[in-house]
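Q: What follows is each chain in one-letter form.
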Amino acid sequence: MEEPEQNVATTSLPKPAALQKSADAPVFDTPGAAIFNTDTVSIYYGSFRAVTDVSLTVHENEITAFIGPSGCGKTTVLRTLNRMNDLIPSARVEGDVHYRGTSLYHKDVSATAVRRRIGMVFQKPNPFPKSIYDNVAYGPRINGQRNKGKLNEIVEHSLRQAALWDEVKDRLNNSALSLSGGQAQRLCIARTLAVEPDVVLMDEPCSALDPIATAAIEDLMHDIKSRYTIVIVTHNMQQATRVSDRTAFFSVLRNEESDTRTGVLVEYGRTEQIFQDPVDPRTRAYVTGRMG
Amino acid sequence: MAVAEPQQRPDLREPAGWRRTRNRIATALMVLAFVLVIIPLGFVLYTVIAKGASIISWSFLTGGPIPPNVLPASVGGMGPAVLGTIEITALATVISVPLGVLGAVYINEYGGKGLLARLIGFMADVMTGVPSIVMGLFIFSIWVLHFGYSGLAGAFALGCLMLPIVIRSSDEMLKLVPDPLREASYALGATKARVTLTVVLPAAIGGIVSGALLAVARAAGETAPLLFTILTVTAANRNVFSGANTALSTQIFANASQPYVGAQARAWGAALTLIAIAFILMIVARTVTARFTRYSR
Numbered sequence: 060m061e062e063p064e065q066n067v068a069t070t071s072l073p074k075p076a077a078l079q080k081s082a083d084a085p086v087f088d089t090p091g092a093a094i095f096n097t098d099t100v101s102i103y104y105g106s107f108r109a110v111t112d113v114s115l116t117v118h119e120n121e122i123t124a125f126i127g128p129s130g131c132g133k134t135t136v137l138r139t140l141n142r143m144n145d146l147i148p149s150a151r152v153e154g155d156v157h158y159r160g161t162s163l164y165h166k167d168v169s170a171t172a173v174r175r176r177i178g179m180v181f182q183k184p185n186p187f188p189k190s191i192y193d194n195v196a197y198g199p200r201i202n203g204q205r206n207k208g209k210l211n212e213i214v215e216h217s218l219r220q221a222a223l224w225d226e227v228k229d230r231l232n233n234s235a236l237s238l239s240g241g242q243a244q245r246l247c248i249a250r251t252l253a254v255e256p257d258v259v260l261m262d263e264p265c266s267a268l269d270p271i272a273t274a275a276i277e278d279l280m281h282d283i284k285s286r287y288t289i290v291i292v293t294h295n296m297q298q299a300t301r302v303s304d305r306t307a308f309f310s311v312l313r314n315e316e317s318d319t320r321t322g323v324l325v326e327y328g329r330t331e332q333i334f335q336d337p338v339d340p341r342t343r344a345y346v347t348g349r350m351g
Numbered sequence: 192m193a194v195a196e197p198q199q200r201p202d203l204r205e206p207a208g209w210r211r212t213r214n215r216i217a218t219a220l221m222v223l224a225f226v227l228v229i230i231p232l233g234f235v236l237y238t239v240i241a242k243g244a245s246i247i248s249w250s251f252l253t254g255g256p257i258p259p260n261v262l263p264a265s266v267g268g269m270g271p272a273v274l275g276t277i278e279i280t281a282l283a284t285v286i287s288v289p290l291g292v293l294g295a296v297y298i299n300e301y302g303g304k305g306l307l308a309r310l311i312g313f314m315a316d317v318m319t320g321v322p323s324i325v326m327g328l329f330i331f332s333i334w335v336l337h338f339g340y341s342g343l344a345g346a347f348a349l350g351c352l353m354l355p356i357v358i359r360s361s362d363e364m365l366k367l368v369p370d371p372l373r374e375a376s377y378a379l380g381a382t383k384a385r386v387t388l389t390v391v392l393p394a395a396i397g398g399i400v401s402g403a404l405l406a407v408a409r410a411a412g413e414t415a416p417l418l419f420t421i422l423t424v425t426a427a428n429r430n431v432f433s434g435a436n437t438a439l440s441t442q443i444f445a446n447a448s449q450p451y452v453g454a455q456a457r458a459w460g461a462a463l464t465l466i467a468i469a470f471i472l473m474i475v476a477r478t479v480t481a482r483f484t485r486y487s488r
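Going line by line, the protein sequences match chains A and B. Going by the working numbering, the first residue of the first sequence is number 60, and it counts up by one from there. Going by the working numbering, the first residue of the second sequence is number 192, and it counts up by one from there.
Hints in this document: simulated from the structure, not taken from any laboratory. Among the clues, some could well be false.
[Stated by the list, open to error] Derived lysine to aspartate or glutamate pairs resembling DMTMM-like cross-links, with alpha carbons at most 25 Å apart:
1. 166(A) to 374(B)
2. 183(A) to 363(B)
3. 166(A) to 112(A)
4. 183(A) to 226(A)
5. 284(A) to 374(B)
6. 166(A) to 363(B)
7. 383(B) to 112(A)
Bound-form chain A, shown alone (with noise of 0.2 Å):
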């Protein structure tokens, strides 16, 4: 029942030069129904293009991840995902973003109604100052979860989804504050989880973090692969390399007129085609160290 839909959305993508060959190549591809659908989409700050010609496919229950140098806009395209752009106020997006088929930026859709669907993990953990409970059963108290035999059921099957789950069961009403940076921003992962999103957008999730709690968040991410979809950006291409399935690589334009700087999507693929054998320069130059 899905495929067609799928072939329609791939379809009717316009796909960049860079993609055309290397969409014939893995004939193992078999990717999930089309999450996200952007058709060149740009973003705007005021009048400062900071994003240009995004078009990507991202595929359900599979890890996307975005690569590229700072201020290449990763972030800022992971941001529009699940529109926390528009609490930027002169943010602005030009073309289609499309979620299941559906335009994000339609008039009609509320921000909130996607959020609730497509979750966001954050660079820094950034735990509430409440309980380690109370951090975990925010997303469904704010959802209308009110039976407290149900929320202690979510609050301990989201942080053993978490791998959190052992290490605080004994202390769930002790501050969230009192965490480590890893534990903290597993009990993260653990609180957009208990939303039961649909997909987890992870915004550098291991920047702040050390290899161990790293490893700890990346087994976690083969973990839930199955009953979600996840993209995340990163800085590491070791981890893009670890766990994604397709790696969108960015690159930064420079104007010269204006002195600007304008990410760019520069090509977008399977992770084992973008790092063994890309076919832009740029690509080649950026995942063999040689920066371009």
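With chain A fixed as given, assemble chain B onto it according to the hints.
A: Positioned in the frame of chain A, the structure of chain B alone reads:
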């Protein structure tokens, strides 16, 4: 094994000379400033306690009515004034704190950089600078002239004084709430009202409450706005909404300016009572702040 060459030890002591002297001068100046600040404060406390402590008793705090000035200090008590101060200040708090906190929430969470938010912030700053006697005159002309003296009128005047303090202190507290917390809540599908009610206000509540209590303590000691609005009387008035009332601050003013020993003793006693009330409010403020911030560290 070869013996290591003797190494020249670095001199890590503070260099002598002008730099050290300057350091000492600055330290001495700071100590001097601290002493200068503490002297009047200690002297005020000492005088008020020395002159007021002897008259304080349960009957002084609760008894009444306030006797005529000529009578000695042992007669009657300041009960009506204690009652009036508590009534009027409580009513002023009920009026100004919710308004002030809502105003601060508007400035911080809803108004953004809009004209209205900037206007409210600016007017709050201007209001902070308005002399308290002008607030009293204002309420006198728009309320007392039409409805007569009452505790309510006094509460309005005190409320006008407290409002800008509450707005500004709450505003500062809301500004301190980190944006990532708001984002975390938005990312879970919360509406703006939810974010404000369940994340921003709880995170800032300790500071908001202590700011509000500071405003209360400030208002409790105000005299000028009450002179025009409650008309100092000697009998207790339990009805804060109508009829002339009295308060500790206005009683201090009325009694201290008299030549009679009894009246002056009552004024000192009232002054000590007022300081004690402010002190208790401060302690409550600290306790409340500590209690509300138990999850923030």
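Q: Next step is simple, just say for each hint if it's right about the structure.
A: Evaluated hints:
no. : hint             : in the structure
1   : 166(A) to 374(B) : holds, 22 Å
2   : 183(A) to 363(B) : holds, 24 Å
3   : 166(A) to 112(A) : holds, 22 Å
4   : 183(A) to 226(A) : holds, 20 Å
5   : 284(A) to 374(B) : holds, 24 Å
6   : 166(A) to 363(B) : violated, 35 Å
7   : 383(B) to 112(A) : violated, 31 Å
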